[in-house]
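Peer 1: Residue numbers (my numbering), protein chains in the order written: chain B, 1 to 402; chain D, 1 to 227.
Rather than coming from a laboratory, the hints here were simulated on the basis of the structure. Wrong hints could be hidden among the right ones.
[Said to hold, decoys possible] Some residues of chain B that are not near chain D, with every Cβ distance over 12 Å (derived): (1) 49; (2) 114; (3) 118; (4) 168; (5) 178; (6) 249; (7) 251; (8) 317; (9) 321; (10) 351; (11) 355; (12) 358; (13) 395.
[To be verified] Some but not every residue of chain D turned toward chain B, in silico, with C-beta under 8 Å: (14) 54; (15) 56; (16) 57; (17) 61; (18) 62; (19) 65; (20) 68; (21) 77; (22) 84; (23) 89; (24) 91; (25) 95; (26) 97; (27) 99; (28) 111; (29) 114.
Think of the CB as a built atom: it goes at the ideal place given N, C-alpha and C, for glycine as much as any other residue.
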Amino acid sequence: MRPADVLRFAAGSATGSPLRTFLMVLAMSIGVAAVVVLTALGDGARRYVVNEFSSLGSNLVIVLPGRSETGGFNPANAITGTTRDLTVEDAAAVARAPSVLRTAPLTIGTSEATYGGKLMDVTIVGTTADYLAIRRMEVAQGRFLPAANLGQSMSVAVLGAKIRDELFGAEPALGRMFRVGDRRYRVIGVMAASGQGLGMNADEVVVLPVEAAQAMFNTNTLFRIMVEAKGRESIQRARKETLEILMARHDGEEDVTVITQDAVLATFDRILGVLTYGVAGIAGISLAVAGILVMNVMLVSVTQRTGEIGLMKALGAPGHTIRNAFLTEAALLSATGAIVGYLIGQAGAFALRLALPTLPAYAPGWAVIAALGTALATGLLFGVMPANRAARLDAVQALSKR
Amino acid sequence: MSLIELTGIERVFTLGDSEVHALRALDLSIGTGEYVAIMGPSGSGKSTLLNLLGLLDRPNAGTYRLEGRDVTTLSGEEQAQVRRERIGFVFQSFHLVPRLTAAENITLPMMLAGIVAAERNERAARALADYGLTDRADHRPDQLSGGQRQRVAIARATIMRPAMILADEPTGNLDRATGEDVMELLEGLNAGGVTLIVVTHDPVLGSRARRRVMMEDGRKVEDTGAA
Numbered sequence: 001m002r003p004a005d006v007l008r009f010a011a012g013s014a015t016g017s018p019l020r021t022f023l024m025v026l027a028m029s030i031g032v033a034a035v036v037v038l039t040a041l042g043d044g045a046r047r048y049v050v051n052e053f054s055s056l057g058s059n060l061v062i063v064l065p066g067r068s069e070t071g072g073f074n075p076a077n078a079i080t081g082t083t084r085d086l087t088v089e090d091a092a093a094v095a096r097a098p099s100v101l102r103t104a105p106l107t108i109g110t111s112e113a114t115y116g117g118k119l120m121d122v123t124i125v126g127t128t129a130d131y132l133a134i135r136r137m138e139v140a141q142g143r144f145l146p147a148a149n150l151g152q153s154m155s156v157a158v159l160g161a162k163i164r165d166e167l168f169g170a171e172p173a174l175g176r177m178f179r180v181g182d183r184r185y186r187v188i189g190v191m192a193a194s195g196q197g198l199g200m201n202a203d204e205v206v207v208l209p210v211e212a213a214q215a216m217f218n219t220n221t222l223f224r225i226m227v228e229a230k231g232r233e234s235i236q237r238a239r240k241e242t243l244e245i246l247m248a249r250h251d252g253e254e255d256v257t258v259i260t261q262d263a264v265l266a267t268f269d270r271i272l273g274v275l276t277y278g279v280a281g282i283a284g285i286s287l288a289v290a291g292i293l294v295m296n297v298m299l300v301s302v303t304q305r306t307g308e309i310g311l312m313k314a315l316g317a318p319g320h321t322i323r324n325a326f327l328t329e330a331a332l333l334s335a336t337g338a339i340v341g342y343l344i345g346q347a348g349a350f351a352l353r354l355a356l357p358t359l360p361a362y363a364p365g366w367a368v369i370a371a372l373g374t375a376l377a378t379g380l381l382f383g384v385m386p387a388n389r390a391a392r393l394d395a396v397q398a399l400s401k402r
Numbered sequence: 001m002s003l004i005e006l007t008g009i010e011r012v013f014t015l016g017d018s019e020v021h022a023l024r025a026l027d028l029s030i031g032t033g034e035y036v037a038i039m040g041p042s043g044s045g046k047s048t049l050l051n052l053l054g055l056l057d058r059p060n061a062g063t064y065r066l067e068g069r070d071v072t073t074l075s076g077e078e079q080a081q082v083r084r085e086r087i088g089f090v091f092q093s094f095h096l097v098p099r100l101t102a103a104e105n106i107t108l109p110m111m112l113a114g115i116v117a118a119e120r121n122e123r124a125a126r127a128l129a130d131y132g133l134t135d136r137a138d139h140r141p142d143q144l145s146g147g148q149r150q151r152v153a154i155a156r157a158t159i160m161r162p163a164m165i166l167a168d169e170p171t172g173n174l175d176r177a178t179g180e181d182v183m184e185l186l187e188g189l190n191a192g193g194v195t196l197i198v199v200t201h202d203p204v205l206g207s208r209a210r211r212r213v214m215m216e217d218g219r220k221v222e223d224t225g226a227a
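Pulled out of the complex, with its shape left as it was, chain B reads as follows:
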């Protein structure tokens, strides 16, 4: 029997009993559609979280002074353990790396701010103009620190929203002089209220030029260097370049720790990824159920078509021809079910995207391929038993049945 004839014969016997075929295709398509929609939902949630993180500045690479040991004891560090200062110049050098968009040095300390007899403890953040962009923060009034205009603009400050309210109350703060520690600063801007971020409340800080802050705390070293990579994909390269530049500037010694905020994100990514796998697995169970249904329906079909099978044998069909015909039929039914299910699933994912525009509910490629593959495989697998039963039928008994 020619393959094309086997296919036509199988298709004919499938369409010969429309209700049976419809039910089987339905079962298979529900399974596939469930996988597509649920993985679209899971993966959509993952992408949603990743995107939200990105808008918080996820392309961040953070440089800490000193080496944090994570790889166990290293004899090289026991001999040369000196930590060099992390300086403003280091930050400027890193900013010139090809994968780095911008950097901001960070010095942090606490001091007292006074204005008009009011005194409060504040957190001082010493940084440069690029800090605003790196942290995706916004200025509510005035402007942020001027771009590297050393010397003359040393005595300016930008206030967090809460500091402004508590220190100045109803008075306009912009342009006023106030005192931090033993120096006076002019308020050139007020930050928009933003809330918590990276473990410190951005509303309760006073932002000063980094040189001013370093002078205030009498230090040369920085607390952090914030580095923003040019894109998500260049984070790892930016990290490597940052490390190389700093090592070169620090006499070839790796005395800084470079971490990526991406590492945190990767954890979320992983958790939600596993969740998606789990959901896909649960949906996959419905595929297995569909496979068993395929087997059941094919077994009924073999019983119903006993006479036909006997006839085929009498007409000279060897067992393997009959097996192929039934297997092909099972494969055709599951393939049709898989395709219909895929279309239903994609339509469902589309409906999800319409209903929840913020959720990028696209089924991941692996899930679609796995669903289609599982549908076909279960269809074939569960088709084998009925097909073998058909092939082994005794021709005489099969013919005597009506």
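Given the coordinates of chain B, work out where chain D should sit on it, guided by the hints.
Peer 2: Only chain D this time, still in chain B's reference frame:
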């Protein structure tokens, strides 16, 4: 050389604890072009004999030579090929595939033999014309009369130009007049050189054959005009 050569055929069925001898020590020789009626009451073993002749069943003992070749030792695959090319079956209940049209039912053996579609359709059209079924080509079995169904079945049995036709009560489900038509059709084929073996319990039908083999309790009890 005879077409069919059965020697010492035994066929035993096991039903529960008891053994039923469907055929005992059967010797039978049928020549090419013969017209044989195998007769006997039900349970006499005539259907079992027909199944053996059609290679649908294997004997427990004895040899079956078809055209000089021992076919009892062939594999299932080889037996299927012999059925496909040398044997045509006609059944009492027609055994047409209900979802296929008359033309498609006739092409079925050619499809199994792997003949290309163009030749299949041409040969089927010729067969339909020969059996006066051209205007019924696209009808499904349930749209055909009993006589038409059996004519389709005969067309299907002969489409591969077999050496013999095995007919099991071919008129059993037909009225007298239609049955007469069908028998004339089969006898016409026999006149054309095809060996015709008819199994029946109807003495009238059996008397039409040139040779009659009477069966009883699995034994051949009478054989008129052995070749």
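Peer 1: Any CB of chain B closer than 8 Å to the CB of residue 61 of chain D?
Peer 2: This interface hint is violated because 18 Å lies over the 8 Å limit.
Peer 1: Would the hint on residue 77 of chain D stand, with a C-beta cut-off of 8 Å toward chain B?
Peer 2: With a closest approach of 5 Å, the residue 77 of chain D hint holds.
Peer 1: With chain B as the partner, please determine if residue 114 of chain D meets the hint condition of a C-beta pair closer than 8 Å.
Peer 2: Residue 114 of chain D check passes; min Cβ-Cβ to chain B is 5 Å, inside 8 Å.
Peer 1: Minimum Cβ separation between residue 251 of chain B and chain D greater than 12 Å?
Peer 2: holds, 82 Å
Peer 1: Please confirm whether residue 321 of chain B is truly not at the interface, meaning its C-beta sits more than 12 Å away from all C-beta atoms of chain D.
Peer 2: Residue 321 of chain B is in fact no farther than 12 Å from some Cβ atom of chain D, at 7 Å.
Peer 1: Just double-check residue 358 of chain B for me: nearest Cβ-Cβ distance to chain D has to come out over 12 Å.
Peer 2: holds, 52 Å
Peer 1: Check the non-interface label on residue 114 of chain B: least C-beta distance to chain D beyond 12 Å or not.
Peer 2: Answer for residue 114 of chain B: holds, closest chain D Cβ roughly 96 Å.
Peer 1: Is residue 395 of chain B truly not at the interface, in the sense that its beta carbon sits beyond 12 Å from all beta carbons of chain D?
Peer 2: violated, 4 Å
Peer 1: Closer than 8 Å between Cβ atoms is the bar; does residue 62 of chain D clear it against chain B? Give me holds or violated.
Peer 2: violated, 18 Å
Peer 1: Let's test the interface hint: is any C-beta of chain B closer than 8 Å to that of residue 91 of chain D?
Peer 2: holds, 7 Å
Peer 1: A closest beta-carbon separation below 8 Å is what the hint needs, so does residue 95 of chain D meet it against chain B?
Peer 2: holds, 5 Å
Peer 1: Is the claim that residue 49 of chain B lies outside the interface with chain D correct, judged by CB distances over 12 Å?
Peer 2: Holds, because the least Cβ-Cβ distance between residue 49 of chain B and chain D comes to about 54 Å, which exceeds 12 Å.
Hints 8, 9, 13, 17, 18, 19, 20, counting from the list given before, are not met by this structure.
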